[in-house]
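Two chains, each in its own frame: build the complex with the hints.
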Amino acid sequence: MLVVRNLRSGYGSIAVLKAVSLHVGRGEIVVIIGPNGAGKSTLLMSVTGLVAPFEGEVEFEGRDITAVPAEKRVGLGCVLVPEGRRVFATLSVRENLELGAYHVRRNGLGREVRHDLERIFALFPILRKRERQMGGTLSGGEQQMLAIGRALMARPALLMMDEPSMGLAPVVTASIFKTVLTLREQGLSILLVEQNARRALSVADRGYVIETGQMVLEGTREELLNNNDVQRAYLGKDYSAINE
Amino acid sequence: MIFNKSKETMSRDEITQVQLERLQMTLNRVYRNVAFYKTSFDTQGVGAESIRTLEDLGRLPFTTREHLLSAYPYDMFAVPLRDIVRLHSTSGTAGKPVVVGYTKNDLSHWAECTARLLSAAGITDQDVVQIAFHYDLCTGGFGFHQGAERIGASVIPASATAPDKQIMVMRDYKTTALLSTPSFAARLAQELETQHIHPEKLFLKKGLFGAEPWSENLRREIEERLHITALDNYGLTEIMGPGVAGECEEKRGLHVNEDHFIVEIVDPATGAAVSAGETGELVFTTITKEGFPLIRYRSGDMAAFLCDPCPCGRTFCRISRVSGRTDDLIFFGGTKLFPADVEKILLAVEGTAPHFAIDLWSDPDGSEVMEVKVEISEKVFAIDKLRDLESVRDVIRRRIEQVLGVSAKVLLVEPKSLRTDADGAKFRRVTDRRRK
Numbered sequence: 001m002l003v004v005r006n007l008r009s010g011y012g013s014i015a016v017l018k019a020v021s022l023h024v025g026r027g028e029i030v031v032i033i034g035p036n037g038a039g040k041s042t043l044l045m046s047v048t049g050l051v052a053p054f055e056g057e058v059e060f061e062g063r064d065i066t067a068v069p070a071e072k073r074v075g076l077g078c079v080l081v082p083e084g085r086r087v088f089a090t091l092s093v094r095e096n097l098e099l100g101a102y103h104v105r106r107n108g109l110g111r112e113v114r115h116d117l118e119r120i121f122a123l124f125p126i127l128r129k130r131e132r133q134m135g136g137t138l139s140g141g142e143q144q145m146l147a148i149g150r151a152l153m154a155r156p157a158l159l160m161m162d163e164p165s166m167g168l169a170p171v172v173t174a175s176i177f178k179t180v181l182t183l184r185e186q187g188l189s190i191l192l193v194e195q196n197a198r199r200a201l202s203v204a205d206r207g208y209v210i211e212t213g214q215m216v217l218e219g220t221r222e223e224l225l226n227n228n229d230v231q232r233a234y235l236g237k238d239y240s241a242i243n244e
Numbered sequence: 001m002i003f004n005k006s007k008e009t010m011s012r013d014e015i016t017q018v019q020l021e022r023l024q025m026t027l028n029r030v031y032r033n034v035a036f037y038k039t040s041f042d043t044q045g046v047g048a049e050s051i052r053t054l055e056d057l058g059r060l061p062f063t064t065r066e067h068l069l070s071a072y073p074y075d076m077f078a079v080p081l082r083d084i085v086r087l088h089s090t091s092g093t094a095g096k097p098v099v100v101g102y103t104k105n106d107l108s109h110w111a112e113c114t115a116r117l118l119s120a121a122g123i124t125d126q127d128v129v130q131i132a133f134h135y136d137l138c139t140g141g142f143g144f145h146q147g148a149e150r151i152g153a154s155v156i157p158a159s160a161t162a163p164d165k166q167i168m169v170m171r172d173y174k175t176t177a178l179l180s181t182p183s184f185a186a187r188l189a190q191e192l193e194t195q196h197i198h199p200e201k202l203f204l205k206k207g208l209f210g211a212e213p214w215s216e217n218l219r220r221e222i223e224e225r226l227h228i229t230a231l232d233n234y235g236l237t238e239i240m241g242p243g244v245a246g247e248c249e250e251k252r253g254l255h256v257n258e259d260h261f262i263v264e265i266v267d268p269a270t271g272a273a274v275s276a277g278e279t280g281e282l283v284f285t286t287i288t289k290e291g292f293p294l295i296r297y298r299s300g301d302m303a304a305f306l307c308d309p310c311p312c313g314r315t316f317c318r319i320s321r322v323s324g325r326t327d328d329l330i331f332f333g334g335t336k337l338f339p340a341d342v343e344k345i346l347l348a349v350e351g352t353a354p355h356f357a358i359d360l361w362s363d364p365d366g367s368e369v370m371e372v373k374v375e376i377s378e379k380v381f382a383i384d385k386l387r388d389l390e391s392v393r394d395v396i397r398r399r400i401e402q403v404l405g406v407s408a409k410v411l412l413v414e415p416k417s418l419r420t421d422a423d424g425a426k427f428r429r430v431t432d433r434r435r436k
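Chains A and B, in that order, give the protein sequences. Under the numbering used here, the first residue of the first sequence carries the number 1, and numbering increases by one thereafter. Under the numbering used here, the first residue of the second sequence carries the number 1, and numbering increases by one thereafter.
Bound-form chain B, shown alone (with noise of 0.2 Å):
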């Protein structure tokens, strides 16, 4: 069902229209409000008039991570503080995250785009549904919270708590659409099968995951074992969180509420459109926030635009699943980390830049593992205390949750034995086992 047909399905010109129109009072507000974006386009030479067509974006300069790491906390907000109702913000860096607010409208819009996604997975006012993504600073639980209300749905707001519980009130509670990462969902049907409880026996019929890549691989495997279809869907907390981007139930690429949103598709290193149908980098402009509006925001994300027409009558322009990303970010456990975090824990904890290696891979149970191996100092090795070295691998670990966010085994090795430059194999810092 589509939920907002007036929207959904309007004509091309009538998105460029919009679209237009509301690039255009952005870029007067944040001209107006955000010193940053003052600044930038005084120093480009650009002015929110000189944007006379769509393609005129083009000329503005980009958005990045960084310039929003320099904004903490409040520096890229285009609205005084009293006029925010909800602050998020992104996780697990070492530094400070960004934070975004949030009016009463974007709110609204935010309900609204993450309901549009959810009707077009087929979630109506009969389902009930429960959200396992942690409920707090990160976007995802309240996301889809407020648009599977707006829908009307029955929501169980489960968060991310362990998977019996959940297995629990997914059978209880008659839960017929499971929101959640995917890696989440592949690890309750392991922990179905633990407890021999047959899909059936549940009434889960629909799935949808985000918040991290996966492939059709792993799409099948979590339709075969939980016997529902599952639906791919895109978001970020910096935009906006989930609700972005989502499949509809022909699964043919993910439509962009492009009411709410530009996309542009950029080649990662020289910042120029890609050629209809490659792969590249996307690029975010906000055309309806008024709290935190960002304006070509490089996602660092990887997809292609899908120009064919879609049989569900949606008109919004779609693109590919995520297939990658432009850095290192690794995502684990519903969160999102740069090994670069992890390394600046290391020199916190040692007080000498140690050399280091992230392995990740799955369980049998189905959970995620990861695996920090950390080469000790020669200092500390002479030392060869089997006590302090516990005491050193604790410490780290215990950093690494507190920082991040995330639970991480602590492997202390041999100094240079990370290295392998010897037999001339490139390091690899992150090696990456799980299924995808």
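Chain A with its partners taken away, still in its complex shape (with noise of 0.2 Å):
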């Protein structure tokens, strides 16, 4: 499904991720945890090709795209939803959907856009009681879905998410990474960055490491939750028999 290899990357002179690797299989649900400033927005950046890197490949369903334009990528089903939501404050919540579908309409399967619209009022009723509502008036969970939504209004084959559980509530962050569950039931790959690792691990499969721009770790959920690392540093276990 994805594949990156030896991604070097960052702004401007200075590199964030230093020969970062990693993949992404089919049905997957992986996720990346790290300390704040670790590199892993700007791992996400650098496969959805906001970010150019300054080396290193990736390959999208066994093609490479390192220089496909980000817009392009969305087109192939590789779509991110970013860090705080970025919703359409001034537009509607269907405007908002409807702008996800760009691609589809644009590729002439316009006429499926209101049968997609369907799907994602299924999974989130409550975007349908709000379909008139500017975008900027929903509470911050619902804008999260709002953001899902209109990602998979691009028809994605791999959802890559920022920090969904940024700024929300507990009961609310519950919901959203159940959505992430039902989202793998229907054939979707994930890769999800998240800060709340405890979270984040209870429903991948798979998961990475990453310190200051390396990756230092890699295994399945029970191998992450069984590293004493890991612990200590993301799930705050023995936090104070540590400091003994």
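Any given hint might turn out to be false.
Stated by the list, open to error - No farther apart than 25 Å at their CA atoms in a straight line, the calculated lysine to aspartate or glutamate pairs in the DMTMM-like style are these: (1) B:LYS7 x A:GLU95; (2) B:LYS5 x A:GLU28; (3) B:LYS7 x A:GLU118; (4) B:LYS373 x B:ASP363; (5) B:LYS7 x A:GLU57; (6) A:LYS72 x A:GLU95; (7) B:LYS5 x A:GLU61; (8) B:LYS5 x A:ASP205; (9) B:LYS251 x B:ASP308; (10) B:LYS205 x B:GLU223; (11) B:LYS344 x B:ASP388; (12) B:LYS7 x A:GLU59; (13) A:LYS72 x A:GLU98; (14) B:LYS373 x B:GLU414; (15) B:LYS38 x A:GLU211; (16) B:LYS104 x A:ASP205; (17) B:LYS104 x A:ASP229; (18) B:LYS7 x A:ASP205; (19) B:LYS104 x A:GLU223; (20) B:LYS104 x A:GLU211; (21) B:LYS5 x A:GLU222.
These aren't lab readings, by the way, just hints derived from the structure by calculation. Because the structure is a prediction, the values reported are computed rather than measured.
Set out below in structure tokens:
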């Protein structure tokens, strides 16, 4: 599905990622955990093409997309739900969703957009209620649903999510992660970046730990939960015991 | 049966990607956590970031046995001791052993790796598995034990007890699979004959043998005498223990668990990769180990890559059965020792560097014998008291047993009798006439 090799990426002359490699298999939920500033968002931005990498390769469905511009990658099915939701505040919920289908329409499948909309409303019934409301008036949780819905309108094969739990109440976060599992059942591959490691690992099949721009650990959910470094640094386990 | 089909039948592209990712992560971890590797990479001017392909691995320096010995006991560990849940060590050295630590995940991977080997040998949850490896600091017993349990087999931790007891267990507990060293299997075959027990009276069908190099001849002999299929497996404590590589029922070489280890084969003299199909020294890099990761460890074992695809469906690369050593390591009674270790002991006993030779042979009852011939010094010879000589011999024997963990016969010989320089023949330190 997604294969990344030796990605070196960053901003200006500063490299944030130093030779990062990872992969996401078909139908897999893969989570990347790591501290603030480790390069998690830069990694997603580089995979979507929003940041141009200095070096390295990105393969999507067997095709080298390193040189493919961001807007074309969306058309290929490689879609990002950005950090902080970024819904269009002055557009209605429906307009936000329809914008997500921009490529679907351009590919002459405009007639199917209506059907896709129905799917999103089935997944997030609250969005149907708010159909005509401005995006900016939604609650944080609703905005997150809208951002996911907008991404799904692009008919992704790989859905990337950057900190979907950010700023959300625990109960809302739980429902967002439940949606992640539902989407995987529908055949999507998901690459998830999260600071809420415990929550993210609870839905993940596999994960990577990134620290200061370098991958340091990879493993199944169980392996990462079993790793003492992960427990100490990201799950807060035995915090007091370790300081003794 | 393939134990973990999604892993063991990955395409070459998938294997390469997984190996590259895990190699890069291992390098990042050892650079951060193991002083030896930080120094070694820094002085060589190679960094984890410069390793972009699996071929780049060849630019990194080797890790040798000497490096590990000088890191005794914990300097090569990549995690704090509180994260270690098991310790094993190498056997049979007169100096310090190599101490190896395992985290929870390391133990889980180890069980997976040995479970794959057992599955590849046709062992299932229906089998009764008798493990006749030592259950101690050595890795043999515990390593296979976890894998056999993971498969769900009925596991008998027989350990390396006396042959007659093994036979009793084997017959009465209805053992279907035997795990041991090949020499011990031969010893058991002899014991069966001594006790006049026909192999068909047993339930034994399969044997997995390893921990020492053995020949196709010995394989045929074990198979005929025990009426079983005998398969080879390979592992070494420094890298993990058993579970590194093993034969499938095709008997066409040993599949390496490539999602946990990267194997290279190099010319022992130059360290350069040998060309395809040529025999050289096996060099291992661990790519999932958390506690005791090693980069390019020189095993001292000689083998070759087998490149044609295996009909069993496993896609992991295969190595030939180990054909020899780059050094004079002796495999004896389930442990390993160097002649230099014997020399160290003799030095301590005699107070002088005595000349010695080691003879190895198989007794008619199938057991292996090691005899250490030691020249007594002129001084001692002059005393010429039988009782003194006997006590010297006993001290040597006891020291060898205590330090190296092997029981050897000791024979004292006249001064200068071991040297054959005069007739021009090259002095042979070790004469091995065991069946192999």
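Results for each hint:
1. As the CA atoms of LYS7 of chain B and GLU95 of chain A are separated by approximately 45 Å, the hinted pair breaks the 25 Å bound.
2. Note on LYS5 of chain B and GLU28 of chain A: the hinted pairing holds, with a Cα-Cα distance of about 17 Å set against a maximum of 25 Å.
3. Under the criterion of a C-alpha separation no larger than 25 Å, the hint pairing LYS7 of chain B with GLU118 of chain A is inconsistent with the structure, at around 39 Å.
4. For a cut-off of 25 Å, the pair hint linking LYS373 of chain B to ASP363 of chain B stands: about 18 Å separates their Cα positions.
5. Proximity of LYS7 of chain B to GLU57 of chain A is assessed by CA-CA distance (about 24 Å); at most 25 Å being required, the pair is judged to hold.
6. Between LYS72 of chain A and GLU95 of chain A, the direct Cα distance comes to roughly 21 Å. Compliance with the 25 Å bound is thereby established for this hinted pair.
7. Between LYS5 of chain B and GLU61 of chain A the CA atoms are separated by roughly 22 Å; this keeps the pair inside 25 Å, and the hint holds.
8. The hinted pair formed by LYS5 of chain B and ASP205 of chain A meets the criterion: a straight-line CA distance of about 17 Å does not exceed 25 Å.
9. With a C-alpha separation of about 13 Å, the suggested pair LYS251 of chain B and ASP308 of chain B falls inside the 25 Å cut-off, and the hint holds.
10. Of the pairs offered as hints, the one joining LYS205 of chain B and GLU223 of chain B holds, with about 9 Å between alpha carbons and a cut-off of 25 Å not exceeded.
11. For the given pair, LYS344 of chain B sits about 21 Å from ASP388 of chain B by alpha-carbon distance, which is consistent with the 25 Å threshold.
12. A threshold of 25 Å between alpha carbons decides the hint, and for LYS7 of chain B with GLU59 of chain A the separation of about 21 Å falls inside it, so the pair holds.
13. About 18 Å separates the Cα atoms of LYS72 of chain A and GLU98 of chain A, which keeps this hinted pair within 25 Å; it holds.
14. With a C-alpha separation of about 10 Å, the suggested pair LYS373 of chain B and GLU414 of chain B falls inside the 25 Å cut-off, and the hint holds.
15. The suggested pairing of LYS38 of chain B with GLU211 of chain A holds, with an alpha-carbon distance near 17 Å, which does not exceed 25 Å.
16. Taking the CA atoms of LYS104 of chain B and ASP205 of chain A, the gap is near 19 Å; set against the 25 Å cutoff, the hint holds.
17. In summary, the hint linking LYS104 of chain B to ASP229 of chain A is supported, as the alpha carbons are separated by about 12 Å, within the 25 Å threshold.
18. Restraint check: the Cα-Cα separation between LYS7 of chain B and ASP205 of chain A comes to about 15 Å, which is no more than 25 Å; the hinted pair holds.
19. Taken as a hint, the LYS104 of chain B and GLU223 of chain A pair is honoured in the structure, with Cα atoms around 9 Å apart against an allowance of 25 Å.
20. Simply put, LYS104 of chain B and GLU211 of chain A have alpha-carbon atoms about 22 Å apart, close enough for the 25 Å limit, and the pair holds.
21. Restraint check for LYS5 of chain B and GLU222 of chain A: the C-alpha separation of about 19 Å stays at or below 25 Å, so the hint holds.
When held up to the earlier numbered hints, the structure conflicts with 1 and 3 and fits the remainder.
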